[in-house]
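Read top to bottom, the protein sequences are chains U and Y. In case it helps, numbering that gives the first Met the number 0 puts the first sequence at residues 0 to 386. In case it helps, numbering that gives the first Met the number 0 puts the second sequence at residues 0 to 105.
Some hints could be false.
Label-pair ranges, simulated between beta-carbon atoms [what the hints assert, rightly or not]:
hint: 1; chain 1: Y; residue 1: Q89; chain 2: U; residue 2: I25; range: 45 to 55 angstroms
hint: 2; chain 1: U; residue 1: N357; chain 2: Y; residue 2: A1; range: 29 to 39 angstroms
hint: 3; chain 1: Y; residue 1: S24; chain 2: U; residue 2: K351; range: 36 to 46 angstroms
hint: 4; chain 1: Y; residue 1: S104; chain 2: U; residue 2: K360; range: 18 to 28 angstroms
hint: 5; chain 1: U; residue 1: T26; chain 2: Y; residue 2: T77; range: 41 to 51 angstroms
hint: 6; chain 1: U; residue 1: K356; chain 2: Y; residue 2: R66; range: 14 to 24 angstroms
hint: 7; chain 1: U; residue 1: D31; chain 2: Y; residue 2: D84; range: 38 to 48 angstroms
hint: 8; chain 1: Y; residue 1: H61; chain 2: U; residue 2: G30; range: 48 to 58 angstroms
hint: 9; chain 1: Y; residue 1: G26; chain 2: U; residue 2: K356; range: 51 to 61 angstroms
hint: 10; chain 1: U; residue 1: D14; chain 2: Y; residue 2: K82; range: 27 to 37 angstroms
hint: 11; chain 1: Y; residue 1: E49; chain 2: U; residue 2: K360; range: 15 to 25 angstroms
hint: 12; chain 1: Y; residue 1: I34; chain 2: U; residue 2: R358; range: 35 to 45 angstroms
hint: 13; chain 1: Y; residue 1: P30; chain 2: U; residue 2: K360; range: 37 to 47 angstroms
hint: 14; chain 1: U; residue 1: T355; chain 2: Y; residue 2: Q89; range: 18 to 28 angstroms
Pairs of lysine to aspartate or glutamate residues, derived as EDC-like cross-links and limited to a Cα-Cα distance of at most 16 angstroms, are as follows [stated by the list, open to error]:
hint: 15; chain 1: U; residue 1: K351; chain 2: Y; residue 2: D99
hint: 16; chain 1: U; residue 1: K379; chain 2: Y; residue 2: E85
hint: 17; chain 1: Y; residue 1: K101; chain 2: Y; residue 2: E4
hint: 18; chain 1: U; residue 1: K379; chain 2: Y; residue 2: E4
hint: 19; chain 1: U; residue 1: K360; chain 2: Y; residue 2: D99
hint: 20; chain 1: Y; residue 1: K55; chain 2: Y; residue 2: E85
hint: 21; chain 1: U; residue 1: K356; chain 2: U; residue 2: E383
hint: 22; chain 1: Y; residue 1: K42; chain 2: U; residue 2: D15
hint: 23; chain 1: Y; residue 1: K101; chain 2: Y; residue 2: E31
hint: 24; chain 1: Y; residue 1: K101; chain 2: Y; residue 2: D78
hint: 25; chain 1: Y; residue 1: K101; chain 2: U; residue 2: D350
hint: 26; chain 1: U; residue 1: K379; chain 2: Y; residue 2: D84
hint: 27; chain 1: U; residue 1: K364; chain 2: Y; residue 2: D78
hint: 28; chain 1: U; residue 1: K364; chain 2: Y; residue 2: D46
hint: 29; chain 1: Y; residue 1: K59; chain 2: U; residue 2: D31
hint: 30; chain 1: Y; residue 1: K82; chain 2: U; residue 2: E383
hint: 31; chain 1: Y; residue 1: K59; chain 2: U; residue 2: D14
hint: 32; chain 1: Y; residue 1: K42; chain 2: U; residue 2: D385
hint: 33; chain 1: U; residue 1: K360; chain 2: U; residue 2: D350
hint: 34; chain 1: U; residue 1: K364; chain 2: Y; residue 2: D99
hint: 35; chain 1: U; residue 1: K356; chain 2: U; residue 2: D385
hint: 36; chain 1: Y; residue 1: K55; chain 2: U; residue 2: D350
hint: 37; chain 1: Y; residue 1: K59; chain 2: Y; residue 2: D78
hint: 38; chain 1: U; residue 1: K364; chain 2: U; residue 2: D350
hint: 39; chain 1: Y; residue 1: K55; chain 2: U; residue 2: E383
hint: 40; chain 1: U; residue 1: K379; chain 2: Y; residue 2: D46
The set of hints was computed from the structure by calculation and includes no laboratory data. The beta carbon of each residue, even a glycine, is placed where N, CA and C say it ideally should be.
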Amino acid sequence: MASSNVSTVYISVIDDVISKVREDFITYGVGDAVLNELQALWEMKMLHCGAISGNIDRTKAAAASAGGTAGTTPPVHDLNVPYEATSEEYATPTADMLFPPTPLQTPIQTPLPGTDAGMYNIPTAPSDYAPSPISDVRNGITINGSDPKTGRPSPYMPPPSPWMNQRPLGVDVNVAYVESREDPERSVQPQQLTQDFLMMSSGKRKRDEYPGQLPSGSFVPQQDGSADKIVEFVVSKENEHQLRSFVINKQETSTKTVNPVIPQCDGIQDDYNDQFLFPGVPTEDYNTPGESAEYRAPTPAVGTPKPRNDAGDDDDEPPLNEDDDDDDELDDLEQGEDEPNTQHLVLAQFDKVTRTKNRWKCTLKDGIMHLNGRDVLFNKATGEFDF
Amino acid sequence: MATFELYRRSTIGMCLTETLDEMVSSGTLSPELAIQVLVQFDKSMTDALENQVKSKVNIKGHLHTYRFCDNVWTFILTDAQFKNDETTEQVGKVKIVACDSKLLSQ
Numbered sequence: 000m001a002s003s004n005v006s007t008v009y010i011s012v013i014d015d016v017i018s019k020v021r022e023d024f025i026t027y028g029v030g031d032a033v034l035n036e037l038q039a040l041w042e043m044k045m046l047h048c049g050a051i052s053g054n055i056d057r058t059k060a061a062a063a064s065a066g067g068t069a070g071t072t073p074p075v076h077d078l079n080v081p082y083e084a085t086s087e088e089y090a091t092p093t094a095d096m097l098f099p100p101t102p103l104q105t106p107i108q109t110p111l112p113g114t115d116a117g118m119y120n121i122p123t124a125p126s127d128y129a130p131s132p133i134s135d136v137r138n139g140i141t142i143n144g145s146d147p148k149t150g151r152p153s154p155y156m157p158p159p160s161p162w163m164n165q166r167p168l169g170v171d172v173n174v175a176y177v178e179s180r181e182d183p184e185r186s187v188q189p190q191q192l193t194q195d196f197l198m199m200s201s202g203k204r205k206r207d208e209y210p211g212q213l214p215s216g217s218f219v220p221q222q223d224g225s226a227d228k229i230v231e232f233v234v235s236k237e238n239e240h241q242l243r244s245f246v247i248n249k250q251e252t253s254t255k256t257v258n259p260v261i262p263q264c265d266g267i268q269d270d271y272n273d274q275f276l277f278p279g280v281p282t283e284d285y286n287t288p289g290e291s292a293e294y295r296a297p298t299p300a301v302g303t304p305k306p307r308n309d310a311g312d313d314d315d316e317p318p319l320n321e322d323d324d325d326d327d328e329l330d331d332l333e334q335g336e337d338e339p340n341t342q343h344l345v346l347a348q349f350d351k352v353t354r355t356k357n358r359w360k361c362t363l364k365d366g367i368m369h370l371n372g373r374d375v376l377f378n379k380a381t382g383e384f385d386f
Numbered sequence: 000m001a002t003f004e005l006y007r008r009s010t011i012g013m014c015l016t017e018t019l020d021e022m023v024s025s026g027t028l029s030p031e032l033a034i035q036v037l038v039q040f041d042k043s044m045t046d047a048l049e050n051q052v053k054s055k056v057n058i059k060g061h062l063h064t065y066r067f068c069d070n071v072w073t074f075i076l077t078d079a080q081f082k083n084d085e086t087t088e089q090v091g092k093v094k095i096v097a098c099d100s101k102l103l104s105q
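Just need the whole structure built from these sequences, with the hints factored in.
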């Protein structure tokens with residue numbers, strides 16, 4: 000009932016518009032063919048939207064009026080495009096001036112509270128640890144379950160094997176060192192150059208593990224900024240063991256803050272970690288998955304298995320941040336739903352809007368409603384809202 | 000006769016806008032003429048709503064956001080219910096944009 004009624008109204012509007020602009024078209028020297036094309040396109044889009052039903056008397060009328068030129072009318076392209084897109088383009092000149100903020104911004108603004116919260120929470124988290132878990136999670140890249148704990152920046156480019164022995168990423172990092180050298184030399188000796196450098200920095204972080212996981216010559220970027228120790232280094236295969244033992248010694252002497260349990264996932268000396276595991280730490284989670292698995296699916300492991308010394312803060316933080324992310328995503332989703340075709344919209348004129356306390360009443364007229372994918376027209380509407 | 004460009008955002012208005020846009024960008028139609036068509040649409044749509052539509056609707060819902068700017072009311076309702084003679088539509092979130100009807104009569 001309603002829809003057919005709407006359809007009828009729409010068709011009459013189309014007819015009305017077409018007939019009344021005909022004069023303009025003539026004065027502009029544009030032929031009827033163009034006008035007919037306009038009508039055909041318009042109706043076609045309406046049909047696509049389901050705003051009008053094809054089998055209405057209107058069809059006959061259209062055929063009658065436009066029938067002669069119908070043949071010349073080029074077949075319309077497929078127009079399933081959501082009309083929002085075009086509206087922007089076209090509305091720019093005119094419509095935008097009338098309702099600039101209302102249409103688009105409203106939906107966007109609503110989510111802001113959520114967004115704010117998200118933004119607010121991020122800083123709240125300890126600068127050291129929060130960032131890395133987040134980034135890890137977002138990137139879907141986690142090298143070690145222990146990463147977040149140590150506040151270590153997420154590793155660069157996880158893919159392990161491909162460039163393992165080939166061009167070391169570290170080259171970039173060590174440009175300063177290598178710079179003076181000529182390319183040939185560099186290609187031959189880059190690893191050694193970087194080694195020295197590595198040895199120096201390697202002491203702090205159990206980075207020794209990385210050599211196994213990361214290709215030699217890879218570097219780990221510093222992401223969170225504060226209090227982080229720089230962990231860029233390059234290790235060549237040959238020196239892996241050397242480095243490792245070196246670091247191990249350091250580890251033994253190092254304080255608890257450092258997390259000795261970094262899973263060895265490269266398949267080489269995987270047992271290696273066992274020596275350093277704290278009792279009660281679920282090491283299997285880290286070690287069992289192969290290299291690739293570590294990289295891809297570790298997200299859960301990151302947050303969960305953390306009952307360690309300094310883990311307290313970390314444990315609290317990563318989950319919090321993850322939740323924030325989730326919230327944001329949810330908000331976005333909600334937003335997203337509103338934007339597309341499913342957006343429910345009422346366009347009308349208001350006669351009166353009143354408010355008593357939190358009770359709003361309004362009377363509207365001449366409205367077009369787009370609800371649940373259907374258009375509904377009304378002559379009058381009364382609204383009662385509580386704020 | 001004053002008109003609102005409000006209804007250009009409706010389905011029918013969007014379809015027209017889209018059509019005009021295509022025709023203008025293809026060179027079939029001049030932008031000036033396209034504007035003329037839109038203006039005519041504003042009039043025709045307003046007329047049609049005034050004269051051809053008789054139905055009444057009741058709206059209830061939780062007012063999430065309200066705004067009155069440049070004589071345009073904007074309401075965002077959540078859990079809104081739209082009731083007319085025939086059906087009842089329930090939507091989780093709806094935006095109502097309403098221009099001042101008095102502006103038309105001036």
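Would you pick out the hints that fail for this structure and give their numbers low to high?
Structure breaks hints 18, 23, 24, 27, 29, 31, 32.
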